[in-house]
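Peer 1: Okay, here's what each chain looks like letter by letter:
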Amino acid sequence: MQNTPPESLADPSSLRCRIEIDKLRKVFLAQGREVVAVDDASFRIDDGEFVALLGPSGCGKSTILNMVATLITPNGGAIRVDDAAVVPGRPIRNVGYVFQKDTLFPWRTVEDNIGYALELAGVPAEERKARVAEAIRQAGLDGFGRFYPASLSGGMRQRVSLMRTLIARPEILLMDEPFGALDTHTKLDMHSVLLSLWERERQTVLFVTHDLGEALTLADRIILMSARPGRVKADFKVDFPRPRDAVKLRETPQYAALFSQVWHSLGEEFAKGSSPT
Amino acid sequence: MRRAMTLFWQIVIGVGALAIWEWGWDLHARVPWLVPDILDPYFVSKPSEIFKQFLRMGCLVTPRGDWTLGTPGAFERCIGRSENNLWIATYFTLKNTLWGFATGVSSGFVLGLLLGRSDRLSEIFYPYITAFNSIPRIALAPIIILAFGIGDASKIVTAWLVVVFLVFFNTFEGARSVDRDHINAARLLGAGEWQVTRTVIVPSTMAWLFASLTPAVSFALIGVIVGEFIGAEHGIGRMIIEAEARGEAAGMMVAVFVLMIVGVILATGVRRLQSYLLRWRPASTLAT
Chain A
11 MQNTPPESLA
21 DPSSLRCRIE
31 IDKLRKVFLA
41 QGREVVAVDD
51 ASFRIDDGEF
61 VALLGPSGCG
71 KSTILNMVAT
81 LITPNGGAIR
91 VDDAAVVPGR
101 PIRNVGYVFQ
111 KDTLFPWRTV
121 EDNIGYALEL
131 AGVPAEERKA
141 RVAEAIRQAG
151 LDGFGRFYPA
161 SLSGGMRQRV
171 SLMRTLIARP
181 EILLMDEPFG
191 ALDTHTKLDM
201 HSVLLSLWER
211 ERQTVLFVTH
221 DLGEALTLAD
231 RIILMSARPG
241 RVKADFKVDF
251 PRPRDAVKLR
261 ETPQYAALFS
271 QVWHSLGEEF
281 AKGSSPT
Chain B
12 MRRAMTLFWQ
22 IVIGVGALAI
32 WEWGWDLHAR
42 VPWLVPDILD
52 PYFVSKPSEI
62 FKQFLRMGCL
72 VTPRGDWTLG
82 TPGAFERCIG
92 RSENNLWIAT
102 YFTLKNTLWG
112 FATGVSSGFV
122 LGLLLGRSDR
132 LSEIFYPYIT
142 AFNSIPRIAL
152 APIIILAFGI
162 GDASKIVTAW
172 LVVVFLVFFN
182 TFEGARSVDR
192 DHINAARLLG
202 AGEWQVTRTV
212 IVPSTMAWLF
222 ASLTPAVSFA
232 LIGVIVGEFI
242 GAEHGIGRMI
252 IEAEARGEAA
262 GMMVAVFVLM
272 IVGVILATGV
282 RRLQSYLLRW
292 RPASTLAT
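Residue numbers (the working numbering), protein chains in the order written: chain A, 11 to 287; chain B, 12 to 299.
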């Protein structure tokens with residue numbers, strides 16, 4: 011909680027709080043034993059911030075994200091999105107979610123997957139078609155509209171997933187290691203795609219990852235989680251200028267300096283995470 | 012090359028089998044130990060006899076042996092003479108099979124979906140379904156004939172009964188194994204309960220339904236034929252029973268042969284439909 015100044019009443023628009031997590035706790039039952047996945051986690055995300063939630067595997071970062079997404083019920087604490095308490099099982103309009111796993115509907119073409127949310131909302135066919143075509147163009151998927159997901163590569167499928175979520179124009183975006191399953195090259199590619207899309211809309215993003223390079227490339231802020239039980243360990247500001255170039259950024263000295271700073275902090279947690287619990 | 016060799020052996024085996032069938036019995040008198048008794052034309056007839064009988068039963072030649080196609084009106088006269096000739100029999104059998112198939116598939120799908128998505132219902136009905144499923148469906152055919160008469164209805168009900176369980180169990184499994192992440196994804200994209208059912212649960216269950224269509228159509232045909240054996244006015248099954256009563260092996264063989272053709276056509280049609288409907292599946296997992 012190093013850099014969350016109190017909300018200024020004079021200028022509410024600049025620092026409007028979108029997501030607030032307070033003393034969140036989650037306990038799982040695994041083979042009859044209680045495992046504390048998340049304990050006393052608190053942070054807040056302001057409007058338009060791109061925040062990476064970074065930590066070793068099993069530190070509960072995805073659990074936090076899924077609690078915000080209403081997919082998991084917390085055992086304690088509170089989550090507020092736009093000042094309204096989150097009710098488990100009741101997804102919030104305005105919030106988009108991108109899965110780590112491929113959850114495209116295999117029986118729908120690329121076009122129909124991307125247009126799904128608009129179809130649900132009853133957007134007229136004409137407008138839907140135009141918006142889907144625009145999304146396909148933005149994601150660099152031209153010519154693949156009528157393909158089924160099964161015939162696409164992993165990277166292309168993740169582009170479709172991204173556009174399927176973004177087409178509804180959510181103001182808040184929750185992303186659960188969306189590029190975790192991709193190879194390094196495709197991953198860098200996806201970073202560029204995501205950055206360019208985000209530059210247009212400047213959504214509020216909570217991005218879960220265990221990849222420090224990814225967090226530094228994309229985020230304005232990195233919230234570092236401790237090994238299990240997951241708590242917030244540190245909060246780093248990432249103030250590289252925008253728009254960023256996903257590849258060139260990695261060659262700058264500022265990147266290297268921040269990388270090593272966070273790396274040491276993260277390294278301690280990885281060491282803890284790998285020791286027997 | 013490989014394909015040519017395959018084709019060669021297929022032809023050799025086919026022609027060989029037909030030749031043994033046609034002339035095998037002639038050897039019986041000389042070397043009885045070589046030729047099994049089952050080749051007796053009294054039981055299995057001969058390919059040449061079966062072909063002649065096929066032409067007669069199909070009204071392609073007159074009883075005197077003239078081609079009907081050359082003589083105007085001869086075909087119609089022949090058709091009109093018999094109550095249950097090959098064409099009419101095939102029409103009735105096919106019609107009842109398709110009705111049994113359609114009703115069985117649709118009701119099996121709805122039931123499977125309903126019980127598959129409701130733990131409460133599936134718990135309640137579980138013992139009944141298990142009990143019913145262990146009854147060989149065909150054993151119920153006489154009861155069905157008794158209840159529904161010897162007309163089309165009893166054949167459709169028999170076929171329905173055979174198909175509905177098959178489709179039900181497939182759909183049930185499919186409905187239970189809908190990917191939770193697909194449901195979550197739909198919810199997070201704004202789908203309500205009914206929209207989740209319509210856009211996720213039904214289409215992903217469909218894949219399981221389609222996989223059961225090919226066996227279902229074969230089962231429907233079996234159901235109809237058994238129904239016709241027990242009591243019918245028309246149909247290929249009825250034709251077999253009539254030929255048996257007259258001791259006409261060739262007549263029975265013609266009926267069996269026509270059933271084979273009908274079966275192949277139905278199965279091919281359904282498989283085509285299936286691969287069209289499942290075109291979104293990756294090619295490697297598409298059962299052909």
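None of these hints come from the bench; they were simulated from the model.
Any given hint could be a false lead.
As the list claims (entries may be wrong) - Among chain B residues calculated to face chain A with C-beta under 10 Å, some are:
#1 Arg13
#2 Arg14
#3 Thr114
#4 Ile146
#5 Ile149
#6 Leu151
#7 His193
#8 Gly201
#9 Gln206
#10 Val211
#11 Ala218
#12 Ala222
#13 Gly242
#14 Glu244
#15 Trp291
What the hints assert, rightly or not - Pulled from the structure, derived: some chain A residues nowhere near chain B, Cβ distances all over 10 Å:
#16 Lys33
#17 Ala88
#18 Phe115
#19 Gly150
#20 Glu181
#21 Pro239
Ideal placement from N, C-alpha and C gives every residue a C-beta, glycine not left out.
Peer 1: Please check whether Ile149 (chain B) passes as an interface residue: C-beta within 10 Å of a C-beta belonging to chain A.
Peer 2: Given a least distance of 35 Å, the restraint on Ile149 (chain B) is violated.
Peer 1: Minimum C-beta separation from Phe115 (chain A) to chain B exceeding 10 Å: can you confirm that?
Peer 2: Violated, since 6 Å does not exceed 10 Å.
Peer 1: Is the interface hint satisfied for Gln206 (chain B)? The criterion is a beta-carbon contact with chain A at less than 10 Å.
Peer 2: holds, 6 Å
Peer 1: Quick check on the hint: Ile146 (chain B) CB to chain A CB, less than 10 Å?
Peer 2: violated, 35 Å
Peer 1: Does Leu151 (chain B) pass the interface check with chain A, least Cβ-Cβ distance below 10 Å?
Peer 2: violated, 36 Å
Peer 1: Just checking, Lys33 (chain A) versus chain B, shortest CB gap more than 10 Å?
Peer 2: For Lys33 (chain A), whose nearest Cβ neighbour in chain B is about 25 Å away, the distance exceeds 10 Å, so it holds.
Peer 1: Pro239 (chain A) clear of chain B by more than 10 Å, beta carbon to beta carbon?
Peer 2: holds, 25 Å
Peer 1: Hint Arg14 (chain B) vs chain A: min CB-CB distance below 10 Å?
Peer 2: This hint is violated: Arg14 (chain B) lies away from chain A, its Cβ roughly 28 Å from the closest one there, beyond 10 Å.
Peer 1: Taking the closest Cβ pair, is His193 (chain B) under 10 Å from chain A?
Peer 2: holds, 6 Å
Peer 1: Taking the least C-beta to C-beta distance, is Ala218 (chain B) closer than 10 Å to chain A?
Peer 2: With a minimum Cβ separation of about 7 Å from chain A (threshold 10 Å), the hint on Ala218 (chain B) holds.
Peer 1: Let me know if the C-beta of Gly201 (chain B) comes in closer than 10 Å to any C-beta of chain A, holds or violated.
Peer 2: It holds, given that the least Cβ distance between Gly201 (chain B) and chain A is near 5 Å, below 10 Å.
Peer 1: Given a cut of 10 Å on the nearest C-beta pair, is the interface hint for Glu244 (chain B) held or broken against chain A?
Peer 2: violated, 44 Å
The structure fails hints 1, 2, 3, 4, 5, 6, 12, 13, 14 and 18 (numbered hints given earlier, in ascending order).
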